[in-house]
Amino acid sequence: MSAPRDKLGRPIVVVTGMGVVTSLGAGKQDNWAKLTAGESGIRTVTRFPIDGLKTTMAGTVDFVTVDPFSSTGLTERLAEMATGEALEQAAIGARADFPGPLFLAVAPVEVEWPQRLELGRAVGRTEFGYEDMLRVSGGGRFTAYHRRFMFGSIASHLAETFGTKGSPISLSTACASGATAIQLGVEAIRRGEADAALCVGTDGSVNPEAMVRFSLLSALSTQNDPPQAASRPFSKNRDGFVMAEGAGAMVLESYESAIARGAKILGVVAGCGELTDSFHRTRSSPDGKPIIGCMRKTLADAGLEPEQIDHINAHGTATPENDKMEYNTTAVVFGEHLPKIPVSSNKSMVGHTISAAGAVEAVFSLLTLEHQRIPPTINYEIPDPAILFDVVGNKARDAKVTAVMSNSFGFGGQNASLILTREPV
Amino acid sequence: MTEPKSAGAKEVWITGIGIVSSLGEGLDAHWDALSAGKINIDEKRFAPYIVHPLAPVTFDAQIPKKGDQRQMEAWQRIGTYAAGLALDSAGLKGNKEILGRMDMIVAAGGGERDIAVDAAILSADARGNSSPGFLNERLMNDLRPTLFLAQLSNLLAGNIAIVHGVCGTSRTFMGEEAASIDAARIALARIEAGQSDIALVGAAHNGERSDLLVLYEFGDFNLTEKFSPVWQREDRSGFALGSAGCFLVLEAREHAEARGAKPYAKLTKVVADLAQRKQPGAVTKSLEALWPKLGIVDDSGTLITGATGVEPVTSDEKAFLRQHPGFAVRATGTIFGHTLETQFPLGLALAALSISRGALFPPNDPTGLEVEKAGSPDQIVVVGAGHWQGEGMALVEAIK
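Quick note, the sequences are listed as chains W and Y, same order. At position 82 of the first sequence (counting the first as 1) the number is 66 in my numbering, and the numbers step up by one without a gap. To convert, count from 1 in the second sequence and add 4; that's my numbering.
Simulated from the structure, these hints should not be mistaken for lab results. Please note: incorrect hints may appear among the correct ones.
To be verified - SDA-like cross-link-like pairs, simulated, lysine to any residue; straight-line CA separation at most 20 Å: (1) Lys282(Y) - Glu144(W); (2) Lys38(W) - Gly137(Y); (3) Lys38(W) - Thr150(Y); (4) Lys289(Y) - Phe331(Y); (5) Lys282(Y) - Glu315(Y); (6) Lys289(Y) - Glu144(W); (7) Lys281(W) - Gly(-7)(W).
Claimed, not checked - Which stretches of chain W does chain Y cover? Using the computed rule of at least three CB atoms under 8 Å from a CB of chain Y, they are: (8) 31 to 41; (9) 131 to 140; (10) 198 to 211.
Treat the numbers as computed from the prediction; the structure is a model and nothing was measured. Note that the Cβ used here is the ideal one computed from N, Cα and C, for glycine as well.
Could you build all of it, start to finish, from the sequences and the hints given here?
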């Protein structure tokens, strides 16, 4: 008998393991309990001084510590935790011997301020430039910082720890990165190149310069008090996103290989799609065509009609522009069916986990399918009258959910969507 | 000559090449410079560190809007420029129908820091000005609001989309040298499998950055004082950072033929590895393990490597090359410097260019490792081993 295939004759890609860490907690159980209870993980930042910042809250993962601290080190640790959980659930391969490639969505890496300050102090002068820092950089004193601040360092650490095969891929498509990592895994399995793939999105980059950067672009909410109420997707009084940390990990497998080893199937990645917007570095094309095209490509990839989607896990960042654009484009794609689709944004509670968001929200989408319960969009007190989504406001909702579309949009014209189902379609 | 592909795998042609580097811009300029054995280094600007500076380029030719140029850091301008050259060379510039569904995989690092802002903050810190909000206030006041976008890794791809209209899909791989090996590998696999018809693949690197020199100096990787070819650096190990951008248009043969595109060569195979380099000789073993995957049967041929000149990886690579004494070797690192993410696309580009010109460019190496090679190359192996991790290999072949 030939292997089970999807409508387009490709191997069906299923999920057999998932792991997640967010500001709400570590692990699926803790996250799901808090998510469906409408709890917020957003809090006033205590990791570094907030004096002089316009935005003083974030969804930091404060219960995980790394020593010596760096955002890159935290990012690595979060990925390790989520991956560990996913592999334990999938029970695939042997310990430290995962039988497939790694696709890692990760924030760009750079030397960070604590290390830069340490280097500056090593110069021993009170007025100096990079040429002076260069003179004290070598000789072995800072060797560890070369390794730590290479872009590929997190992926190589994970590859070594979990024994993934081949050259691990680190990628960025900005806020769509997590979805892209899953898409790359799906494509590898569909090509028959791998029976399994480990797809991880991770981000631990709440640090002063990262917050300042987004702040200078006027992208962040400044509704600092109380921090739990800052992230207000689809609300009239939304004013920006809330930076957050977290990681999501998924073990993808071909249906055939999962069945052959008797693995429990948690869900199906039925479709993926992406379409680039060339309009502007940070803004979407006003006609929304790239986003509309992205969702339509994803439906076509899954072989589904808009009427077959019964929940949308929105990008829903709570920036004035994103939510409006997301509604306008979604309305075009789903037409008259849209009012029947409950929409929710996990970012109201966990904040925007940036590079990890696509992966974290894919995990939450599969948990939604498993529990037949949609987590709420909290802080939904003053609905935006221009956004006519059926928002799952403030309280979780039980619903029949068979197919979820999860959307991710990012700076640089990045648009990516996933369709996740409980059963093969 | 090569191992059979999986049933139905499509042939992939290289139909566009764009290069800008320390040697100049475009294919003719590069061919002339390579043939003349030209090397362009700057020993003064970052002395004692040596860099291969970008040749003078009029960015307006590929990035007509000054506003776009201002939004970019140098690495993005270099890359956007090279991408434009590649699209020109493929005859695709302005072809909205194809550009609108063209896939793109960019291998990227990040952009330059605001050196003056950093230095002012660090100097103030050294003078004891470190109240709790000091760093925040300086960053909030002194950073240019759009600098972030000029630094973000995926914004090279974003700029290529904006300036050239490449807007099918856009993916950015990171991870130094390995990122571009994987970019080529994934783009090739997608086209072979019918997941993509045409893709723009490449990278850009600005080697004239003191913040990057600091980063590599942490690991004592920089070449200082005296320039020497990469094969002559055992006693003074190091790389000289090079500025370069290189993009390739990869295309399914059927797609290229249907639009009457002229190929430079075909890309037959790209393979990659992540050796655990803690073990001595790991890179030699890794390259030896990758070699048979190319499916080469001849024991003589041509090989272009991005060998960096840092140790121990360069000696490991030499040990691998000694196993294949029939291959004429060329090292791009001597000529262009180390261009990190651009290393591998540059090797692919020079292989395709050599095949299309029916000759291999002359050696540039007094140690005798590189030898003259007459005749028209049918196959060129491209090797890329990262300075600290990541190994890859590709096979570029003439179309018969």
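Outcome of the hint check:
no.: 1; hint: Lys282(Y) - Glu144(W); verdict: holds, 12 Å
no.: 2; hint: Lys38(W) - Gly137(Y); verdict: holds, 12 Å
no.: 3; hint: Lys38(W) - Thr150(Y); verdict: holds, 17 Å
no.: 4; hint: Lys289(Y) - Phe331(Y); verdict: holds, 18 Å
no.: 5; hint: Lys282(Y) - Glu315(Y); verdict: holds, 13 Å
no.: 6; hint: Lys289(Y) - Glu144(W); verdict: holds, 17 Å
no.: 7; hint: Lys281(W) - Gly(-7)(W); verdict: holds, 17 Å
no.: 8; hint: 31 to 41; verdict: holds (count 6)
no.: 9; hint: 131 to 140; verdict: holds (count 7)
no.: 10; hint: 198 to 211; verdict: holds (count 4)
Comparing the model with each earlier hint shows no violations; every hint is respected.
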